[in-house]
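Visitor: Chain A is already provided as a structure; the job is to place chain B with the ligands on it using the hints.
As they're listed, the protein sequences go chains A and B. For the first sequence, the working numbering assigns the number 9 to the initial residue and increments by one for each residue that follows. For the second sequence, the working numbering assigns the number 9 to the initial residue and increments by one for each residue that follows.
Rather than coming from a laboratory, the hints here were simulated on the basis of the structure. Warning: the hint list may mix true and false statements.
Same chains, same names: a pair is fine if it fits in one copy or spans any two.
As the list claims (entries may be wrong) - In silico DSBU-like links for lysine-lysine, alpha-carbon gap of 35 Å or less: (1) K319 - K197; (2) K347 - K397; (3) K328 - K172; (4) K390 - K328; (5) K46 - K328; (6) K328 - K197; (7) K403 - K328; (8) K134 - K299; (9) K390 - K307; (10) K319 - K403; (11) K347 - K197; (12) K408 - K46; (13) K390 - K347; (14) K328 - K134; (15) K197 - K407; (16) K134 - K397; (17) K232 - K126; (18) K302 - K328; (19) K407 - K319; (20) K319 - K134; (21) K134 - K232.
Protein chains: 2
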Amino acid sequence: MSAVDGFRPLNETSLVEYIKATPSLSSILGDSDNFQIKEVGDGNLNFVYIVVSPSGSVVIKQALPYIRCIGESWPMTKERAYFEAVTLKEHGRLCPAHVPEVYHFDRLMSLIGMRYLKPPHIILRKGLIAGVEYPLHSEHMAEYMSRTLFYTSLLYTTTTEHKKRVAEFCGNVELCRLTEQVVFSDPYKVSEYNRWTSPHLDRDAEAVRDDNDLKLEVAQMKSKFCERAQALIHGDLHTGSVMVTQDSTQVIDPEFAFYGPMGFDIGAYLGNLILAFFAQDGHANEENDRKAYKRWILKTLGDTWNLFHQKFIALWDENKDGPGEAYLPQIYNNPDVQKLVQTKYIQDLFHDSLGFGSAKMIRRIVGVAHVEDFESITDASKRADCERKALNFGKMLMKKRRNFASIDEVITAIQEVDS
Amino acid sequence: MSAVDGFRPLNETSLVEYIKATPSLSSILGDSDNFQIKEVGDGNLNFVYIVVSPSGSVVIKQALPYIRCIGESWPMTKERAYFEAVTLKEHGRLCPAHVPEVYHFDRLMSLIGMRYLKPPHIILRKGLIAGVEYPLHSEHMAEYMSRTLFYTSLLYTTTTEHKKRVAEFCGNVELCRLTEQVVFSDPYKVSEYNRWTSPHLDRDAEAVRDDNDLKLEVAQMKSKFCERAQALIHGDLHTGSVMVTQDSTQVIDPEFAFYGPMGFDIGAYLGNLILAFFAQDGHANEENDRKAYKRWILKTLGDTWNLFHQKFIALWDENKDGPGEAYLPQIYNNPDVQKLVQTKYIQDLFHDSLGFGSAKMIRRIVGVAHVEDFESITDASKRADCERKALNFGKMLMKKRRNFASIDEVITAIQEVDS
Ligand SMILES: Nc1ncnc2c1ncn2[C@@H]1O[C@H](COP(=O)(O)OP(=O)(O)O)[C@@H](O)[C@H]1O
Ligand SMILES: Nc1ncnc2c1ncn2[C@@H]1O[C@H](COP(=O)(O)OP(=O)(O)O)[C@@H](O)[C@H]1O
Ligand SMILES: [Mg+2]
Ligand SMILES: [Mg+2]
Ligand SMILES: [Mg+2]
Ligand SMILES: [Mg+2]
Ligand SMILES: [Mg+2]
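Just chain A, same shape as in the assembly:
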């Protein structure tokens, strides 16, 4: 790869030189040559280095112009780092408690320097597989989602500001196209990238491709994803994009960010929690039947949505005389109509979230990218049983999402499938 455009992929050696030449990083890490560098990119797309020195620590994330887990055969713009950096900063401004600070961004190098989320921070998905409870987590996620989504929507911003930001994030089109392909298209057709637990789920995968009613609903969710610029969404908010400890929740990796439907973020998160739930039976053993943990996941599912709802409406009420141009005070500031429009808004958002959530579930079972929740179940037939339950639940939820009036009804439906 040439450096003609100012870009060079770094490695553990060249990274040291880069840091020394970069004041915003060297000021944190100090003068010493004594850097410990570890590449930890367990994600699918990028390279991530933890750099620790006697005086401080940083995480360096660099995007290369292809998809890491597939290789140079699947090119992908490294400009995604720009949208990730802008979004980390913007979401960080709106919700500093739950987004790591950005120390440095180098657009030519597609390189972000950010706060190192130290141990015991781990990726939430790994905590869910290990069966660890996080008592504050639903409160934190609800806080993150309500603040980032509310403040970047027309409930808080002006049309002028909104259209300016929408236009800018149209530039992240390659990442949007990737989502379109792997979430909304490939699972519903024969694709070289698709895989599933075979032969166990061969007929299930085929049934997904042959399900006209399902494809009708997926088309609607895809249109919403492509056309509806509702808020600056994270775009990839699964449980692998969240790092946690008992009292901290940090959202990373918003490289898929753009102005899209809020339900895509909420649904990604809720859908991945439901996947974690259905994987639990595969992790149960004599020591731990996972029954209590399954109850905790369902409680977290319910609490996250309900707290989100509550916080989102509280932000709306607080800001009803604010700059947002969607619901002008002179029209909507009487308690009856305010209640009416809020109820309708949340109901639509709930159904969107269930639709996107189920699309995210389905694609993780019969599409290209799977989740460790299931992948770590080594017994294929046990894994297939878990996956089939999740898949069938996802299909039902996609088709019947509008019949659900509350998250409690969703939880009841999960329990029925599970019993």
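Guide: Chain B with the ligands alone, transformed into the frame defined by chain A:
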């Protein structure tokens, strides 16, 4: 006004010099000094000159940095001329039979030179007031709307192209904001700009402001207008933006164009036809009771939608293996699912069109800009009766739009109100 930025407002004198210095115009009009120039801007926003010489003719439209009918107290970007020119060219490429050719565009001067639509071309609204039937008109409008909307949507374009164009048209934000204000906001609150036939409609206007169910629905339409980038819409497709003869239909004045919901164009058009219908009783006299003409308007309403539907689906079928990324052939090319998704798409579009159409009706009766259909009824009490019927029909249609399964049902409802 200074010429610092290269802009000067022209008048009938300076226009001659401008034309002589502009080859794309002088080549049409010839060398002669013998220009007949007439300013005919009867619209609300801009200056329009008809220029005729012995060798040819052109229309020159110039945007000034304010709203003409209000004056310099309501500034409005003259960049709107850029979006108008781009859209005239794009819609003209897609549907040359129904869009005047652009000969010249000068961005600094916010000036468009286009084909002069010669007499007997008149503004459709004037024809509707005069009671003139146009037998080919519904076919033409259906052709224009189906082609411009289909080809600029994700049914035909790629996501990459779509997002690029969406981003560009985000620049027309000032015009979008004007629509937000005058269509979706002002009529539902006290505003210095609102007016209505007073005192006759005082309580009707107040009822609009106090109708919570109506305001709930209007909020949803407004969100769709602001957030949904479905196609490159004209943005102001009322019966005053169409010029007609017995065998020609020409759509002008797309300065409000942006990527928005298709139903906004279709609804603007259908809603203005319904206004024309309800105005007819005010134009009836001993010579002409307008009964036959009212039937023709309703037939045109039905035919336009039904032909649009038919043509739009035909375009979809023809292009199902085309570049559009919304419904990939490998997923949607079996007759059953194709039928399923098309039916749902058209149903949603129909309900959107009714929602936007009713918003457009309401705002023309209690908002800032009225229509000549009613304004030309000199007897205030007669006018108020017509307007009240239209207003009540609009309110009902907004609230109950989802209960209508076909345009025939809408026509039946109009006839019921009218009898
Ligand atoms: N700020 C951080 N602090 C600690 N670890 C991090 C940080 N950012 C990323 N990581 C680690 O790197 C992994 C990959 O990062 P991520 O941003 O998800 O990259 P990708 O886009 O490739 O998925 C994460 O799963 C996490 O383990
Ligand atoms: N190409 C044209 N040929 C003939 N007359 C035109 C043409 N364009 C505009 N006009 C006349 O000028 C009027 C105003 O034009 P329009 O584009 O609607 O301006 P505005 O944006 O101010 O509403 C139209 O109603 C029509 O009478
Ligand atoms: Mg990641
Ligand atoms: Mg990532
Ligand atoms: Mg408000
Ligand atoms: Mg006009
Ligand atoms: Mg105009």
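Visitor: For this structure, which hints from the list above don't hold up?
Guide: 4, 5, 12, 13, 14, 17 and 18
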